[in-house]
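The listed protein sequences derive, respectively, from chains A and B. For the first sequence, the positions run 1 to 287 when our numbering is used. For the second sequence, the positions run 1 to 287 when our numbering is used.
Since the hints were derived computationally from the structure, they do not count as laboratory data. Errors might be hidden in some of the hints.
Unchecked claim - Computed beta-carbon distance windows for the label pairs:
#1 B:R17 - A:E247: 52 to 62 Å
#2 B:N104 - A:M1: 27 to 37 Å
#3 B:H195 - A:R17: 37 to 47 Å
#4 A:E219 - B:E202: 57 to 67 Å
#5 B:H107 - A:V212: 38 to 48 Å
#6 B:A44 - A:G211: 47 to 57 Å
#7 B:H194 - A:R66: 22 to 32 Å
#8 B:H107 - A:E86: 40 to 50 Å
#9 B:R24 - A:R201: 33 to 43 Å
#10 A:R17 - B:A218: 47 to 57 Å
As the list claims (entries may be wrong) - Beyond 12 Å from chain B on every Cβ pair, some chain A residues (computed):
#11 Y153
#12 K173
#13 Y215
Cβ coordinates follow ideal geometry from the N, Cα and C atoms, glycine included.
There are 2 protein chains.
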Amino acid sequence: MATIMDGKALAAEIDMRTANRIQRLADQGITPGLVVILVGKDPASQIYVRNKERRAKKLGIHSIVRNLPETISEKELIKIIQEYNEDPTVHAILVQLPLPEQINEFHVTMAISPTKDVDGFNPFNLGKLLINKTDQTPIACTPQGIMSFFKKYQINLDGKKAVMVGRSTIVGKPMAALLTNANATVTIAHSHTHHLSELTREADILIVAIGVAHYIKAEDVKPGAVVIDVGMDRDSNGKLVGDVDFESVEKKASYITPVPKGVGPMTITTLISQTVTMAEWSSEKNG
Amino acid sequence: MATIMDGKALAAEIDMRTANRIQRLADQGITPGLVVILVGKDPASQIYVRNKERRAKKLGIHSIVRNLPETISEKELIKIIQEYNEDPTVHAILVQLPLPEQINEFHVTMAISPTKDVDGFNPFNLGKLLINKTDQTPIACTPQGIMSFFKKYQINLDGKKAVMVGRSTIVGKPMAALLTNANATVTIAHSHTHHLSELTREADILIVAIGVAHYIKAEDVKPGAVVIDVGMDRDSNGKLVGDVDFESVEKKASYITPVPKGVGPMTITTLISQTVTMAEWSSEKNG
């Protein structure tokens, strides 16, 4: 039976360290500032944003949720982002995705100053991550949260075969870069990959972000593999489940993240922690 | 026996198209401008720079080689780069690597304006490549030249297993991004990779940038693979050879690039062609 990597417990542990760091900043008169921009009224996005805000406030971050109308133009949205770019009380800006059709997500990503890009989706930050020059560089929160699992559970990545299933900007691509920088031998698989199961069966480290409930079964996993499940899917009963068939894979893997209480809680924790890190960078620069 | 992919012939073909594009720009009163900055007197670098200049001039590009003393400070070098960033007659800036010890290559890469970064090493351009948003984005010349081979020889990459041996900023990382964007399933191998031969033997597309003469032998290659050799090594007789043992691998692969006259000539051709593309972008912007 695999060791279950407890995202809720690890998140609480990191939150405690973050709270201490926020206290140290407070002693210098600095309050980390996070702006979350929410366009429209997508119910799922509203829940995510509310959770982010609640956790941020609880830890003592100055968190602003800026609600904007569904009909806002790209130009108007970018103008608002630019105002936050200039605002010295704001250290981190996040635009909740998805955005309405009239707005190009890439243009929005490009508009956020790289120094305030807490999601790490700006090409400048992605490029620095790619070439392992990550000094003062925000990194996508979900992959960074996954790296915290490896650290906590002392999983050695050097020379290991890692397979990342999924090539999104949010998870797959930054995750692959982090793994390569940690000296793993990384393969990125995706919707065009042939014989996926053959590939995943060779992985010492298997990270799955497909978006299909229970897609990865025990037969797709190498005995003793470390399995990270990024999925947030609903099964036929509407229950929250992952991309990995936890029940069968748990018997074969050495480590596994559950859904819920695996990768999910780590993403918000990393977002908050990175907001604090960005406030620290800005205090170093001004101090 | 493999089809030998003739880099010299393909380079000549592309140069001819480039010459026509330069003519069309000339009709609009535009001469593409390339600045090559050479710090110090490294003999190999001097040869590379001279070759670049000769090819650029031959095709009708305004090419400036700026020789700077070995002892120049990073600050002074960056100041010179910034002047070229501002110069509207310069469309492309290249700083020949390696640089002397007192200069941080990454700082120099960052100083070149992304719009003039003909080598594509600026993190902003690398990040755009990573997420496949390459509109008006210069891309590293060696990987881009390799993509021209795939196009010329109609090699389908979609769903193919590609293995990139080497993870440099100059070749491996941008190459892996290009292959992933072309829907290949890409693995990046490097010095920490275990059992490299097992991995390369599975590759439909094998790209080798190791820097060790004849490292890849026939037994490391899948029958029918497409093999691209980025190596520029010297054998024990001082002869220029590749990372691939051409003689034995040629019998097993379906396509192979030789050394010399493979990837090498394509890199300079791509550099020139990309300089012209950047002049076209700037003319679109101003036109």
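How the hints compare with the structure:
no.: 1; hint: B:R17 - A:E247: 52 to 62 Å; verdict: holds (58 Å)
no.: 2; hint: B:N104 - A:M1: 27 to 37 Å; verdict: violated (49 Å)
no.: 3; hint: B:H195 - A:R17: 37 to 47 Å; verdict: holds (38 Å)
no.: 4; hint: A:E219 - B:E202: 57 to 67 Å; verdict: violated (20 Å)
no.: 5; hint: B:H107 - A:V212: 38 to 48 Å; verdict: holds (44 Å)
no.: 6; hint: B:A44 - A:G211: 47 to 57 Å; verdict: holds (49 Å)
no.: 7; hint: B:H194 - A:R66: 22 to 32 Å; verdict: violated (49 Å)
no.: 8; hint: B:H107 - A:E86: 40 to 50 Å; verdict: violated (26 Å)
no.: 9; hint: B:R24 - A:R201: 33 to 43 Å; verdict: violated (53 Å)
no.: 10; hint: A:R17 - B:A218: 47 to 57 Å; verdict: holds (54 Å)
no.: 11; hint: Y153; verdict: holds (20 Å)
no.: 12; hint: K173; verdict: violated (6 Å)
no.: 13; hint: Y215; verdict: holds (17 Å)
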